[in-house]
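**Student:** Note that UniProt numbering has the sequence shown beginning at 1, numbered continuously upward.
The hints are simulated quantities; they were obtained by calculation from the structure and are not laboratory data.
Treat the hints with care, as some may be off.
[What the hints assert, rightly or not] Pairwise CB distance ranges (calculated):
1) Gly69 x Glu43: 20 to 26 Å
2) Gly21 x His132: 17 to 23 Å
3) Thr110 x Asp133: 30 to 36 Å
4) Phe75 x Glu4: 17 to 23 Å
Glycine residues also receive a C-beta, built at the ideal position from the N, C-alpha and C atoms.
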Amino acid sequence: MSTELLKHKLDRAFGHLDVDGDGRAVRDDMLGLGARILVGFGESPTSPAGNRLVGGLEAVWATLSAATGGDGVIFPEGFRAGMISAFVEGDRFDPVFRPAAEAVARLCDTDGDGSVRPAGLRIALTAFGTAHDDVDVAFDRLDRDRDGVIAVGELVEAVRQYYTSADPNAAGNWLFGPL
Numbered sequence: 001m002s003t004e005l006l007k008h009k010l011d012r013a014f015g016h017l018d019v020d021g022d023g024r025a026v027r028d029d030m031l032g033l034g035a036r037i038l039v040g041f042g043e044s045p046t047s048p049a050g051n052r053l054v055g056g057l058e059a060v061w062a063t064l065s066a067a068t069g070g071d072g073v074i075f076p077e078g079f080r081a082g083m084i085s086a087f088v089e090g091d092r093f094d095p096v097f098r099p100a101a102e103a104v105a106r107l108c109d110t111d112g113d114g115s116v117r118p119a120g121l122r123i124a125l126t127a128f129g130t131a132h133d134d135v136d137v138a139f140d141r142l143d144r145d146r147d148g149v150i151a152v153g154e155l156v157e158a159v160r161q162y163y164t165s166a167d168p169n170a171a172g173n174w175l176f177g178p179l
C-alpha cells in the first residue's frame, strides 16, 4: 500500500509537527500544533471545541507513539512507518484520527453552517505551516463543485485521503497545496 506518493505526503506531514527542524517529534510538538490551531481560531483549549481538538490530538499521538515503540520520540522514518501501520494498513483511522480531523474541520467552519470557507481553511493550514498561496490552491482543488465552500465532511475526507491514500488522483492530495 505504501507508494512513493504516500511516503512523500507522510514525510511532509512529519514536517508539520517538527516545526523546530530538529528531526524528531515529541508529544509537545503535537500539542504545539493544536495550540497553533486554537490560537488561530481564538479558541481556548478548555472550551468544548478546544477539548475535542486537544483530546483528538492526544489520541493520535498515543496511537502513533505506541506504533513506533512508545519511547516518546518519533523520527521521520518511524513516523512514516507508524502512520502506515496504525492508520493506513491498520484500523485506527476512524476511531482515532477521524475525531481529530473532525475537530479541526469543525473549527474551520467558523459560522457553524457545515461549510468551510477560504478564511477558515487558511487559519488551520497556516498552523500547519502552509504558505498562503498554497492555501488558495488547496481550497480551489478541494472545492470540487466550485461553490466557494467545502462541506465539513468533505474536508474530513480530504484529510483521510492525504494521510492514507496512495491514489494520485485523490483530491485530498491537495490538502496542504501542491506536492
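**Student:** If any of the earlier hints don't hold here, list their numbers in rising order.
**Tutor:** Numbers 1 and 3, in rising order.
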